[in-house]
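A.B. asks: The sequence shown begins at 1 in my numbering and counts up one residue at a time.
Treat the hints loosely; a few may be bogus.
[Unchecked claim] So the derived label-pair ranges between C-beta atoms look like this:
# : residue 1 : residue 2 : range
1 : N97       : L286      : 31 to 37 Å
2 : K335      : S104      : 44 to 50 Å
3 : T122      : S354      : 50 to 56 Å
[What the hints assert, rightly or not] Here are the computed lysine to any residue pairs in the SDA-like style, where the Cα-Cα straight-line distance is at most 25 Å:
# : residue 1 : residue 2
4 : K17       : Y32
5 : K140      : D178
6 : K95       : L346
It should be emphasised that the hints constitute simulated quantities derived from the structure, not laboratory data.
Backbone N, C-alpha and C define an ideal beta-carbon position, used for all residues, glycine too.
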Amino acid sequence: MINKKSVRIKDVAEKAKVSTATVSHVINNTRYVSEEVTRKVKEVMKELNYQPNSAARSLRSSKTDTIGLIIPLKREETSKSFFMSIAEGIEEELKINGYNLILSNSKEDPEQELNLINMFKTKVDGLILAPANEDFNNIKDTVDSNFPLVMIDRLPIGFDGDYVLVDNFQGTYDGITDLIQSGYKNIGFLSADFGITTSNEKLEVSRGEMKFENYFNNPNNERFEAYKAALSNNKVSFNHNYVLFGESSLQSGYDLTKQLISQGIDALFIANNIMTIGSIQCIQELKLKIPNDIAVICYDNYGWTEITTPPLSAIKQPAFDIGVRAAELILNRIKNPNSIRDQIQLKTENLKRSSY
Numbered sequence: 001m002i003n004k005k006s007v008r009i010k011d012v013a014e015k016a017k018v019s020t021a022t023v024s025h026v027i028n029n030t031r032y033v034s035e036e037v038t039r040k041v042k043e044v045m046k047e048l049n050y051q052p053n054s055a056a057r058s059l060r061s062s063k064t065d066t067i068g069l070i071i072p073l074k075r076e077e078t079s080k081s082f083f084m085s086i087a088e089g090i091e092e093e094l095k096i097n098g099y100n101l102i103l104s105n106s107k108e109d110p111e112q113e114l115n116l117i118n119m120f121k122t123k124v125d126g127l128i129l130a131p132a133n134e135d136f137n138n139i140k141d142t143v144d145s146n147f148p149l150v151m152i153d154r155l156p157i158g159f160d161g162d163y164v165l166v167d168n169f170q171g172t173y174d175g176i177t178d179l180i181q182s183g184y185k186n187i188g189f190l191s192a193d194f195g196i197t198t199s200n201e202k203l204e205v206s207r208g209e210m211k212f213e214n215y216f217n218n219p220n221n222e223r224f225e226a227y228k229a230a231l232s233n234n235k236v237s238f239n240h241n242y243v244l245f246g247e248s249s250l251q252s253g254y255d256l257t258k259q260l261i262s263q264g265i266d267a268l269f270i271a272n273n274i275m276t277i278g279s280i281q282c283i284q285e286l287k288l289k290i291p292n293d294i295a296v297i298c299y300d301n302y303g304w305t306e307i308t309t310p311p312l313s314a315i316k317q318p319a320f321d322i323g324v325r326a327a328e329l330i331l332n333r334i335k336n337p338n339s340i341r342d343q344i345q346l347k348t349e350n351l352k353r354s355s356y
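All chains should be built: construct the whole structure from the sequences, respecting the hints.
C.D. replies: What follows is the structure, encoded as structure tokens:
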């Protein structure tokens, strides 16, 4: 027997053998549902004593002219400017169309993200999300299927709606290929752990290949796949000793760079910005010269990368454009709720400076 207080729309859907979207349409009368299915859903609702949140439904039906944005920033992250540029792009496009923006931070915490989504869904007309949850099923239980939602930067498993991503694969592939064509063959790869969270990652090095579970569309994964592909297509052997993953932190960047240098690498691709700071600190303390002793490319392009000695080559993401396109998608979804999903992938730019 399901406890009255714990009954969710998902419970109704499972017992009635329909989707949560169908239950939502029956409750809100937002789309045609056959009499037979409607009767079945209402019978199950009565049986389970499910009580729709009428206040929330009333609020959702009222236009707020406001869009929510949830980003996943930890305190120590250096990617604040990346997400702030995205927010600027969103806000500029929304302002033109008479909308406002509310911004909040999940701090890379899946539970906190769900709490924020739950709060936002009654206060905004749509939501733009850089997800902390790896599985969309977690999010789907929190927000109705007809609620306008656009993903940016990364995709959770199972999401098939509107999104704006960056082509992390091509940007990394081009950077590694350029290093090879510049004469470097022992290229190290340094990145944060696979996945959004570290709670259920399982990484294994076996026979020179990386194997991992819960693979989903996360920038770190794409960049590693591009690294392997660029080596293979340029006939450079993959060496698992040249690849290290760690926490997204300055100290991790420092420690792992020291390990890679001890393996004899002549170039380093750093797929995480805060790790780049620790990496450069390590290189300087070891009194190595860039690019004479070791070449460096980092991901992403921040202001400080231009004022190092020498300036660092970087893969630049079109952050502002991500925001503009995400705003366009959410506004279109609000105006045309039944339109075909729109999935956008923007190109990066390889900024070659003096570090290789």
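A.B. asks: Compare the structure with each hint and give your call.
C.D. replies: Right, here's what the structure says about each hint:
1. In this structure the hint that N97 and L286 lie 31 to 37 Å apart at CB is violated, the actual value being about 52 Å.
2. The hinted window of 44 to 50 Å between K335 and S104 is violated, with their beta carbons roughly 24 Å apart.
3. Checked against the hint of 50 to 56 Å, the pair T122 and S354 passes, with Cβ atoms roughly 52 Å apart.
4. The straight-line distance between the Cα atoms of K17 and Y32 is roughly 17 Å, inside the 25 Å bound, and the hint therefore holds.
5. Taking the CA atoms of K140 and D178, the gap is about 41 Å. The hint is violated against a cut of 25 Å.
6. Between the alpha carbons of K95 and L346 the distance comes to roughly 23 Å, so the proposed pair stays at or under 25 Å and holds.
The structure shown violates the earlier hints numbered 1, 2 and 5.
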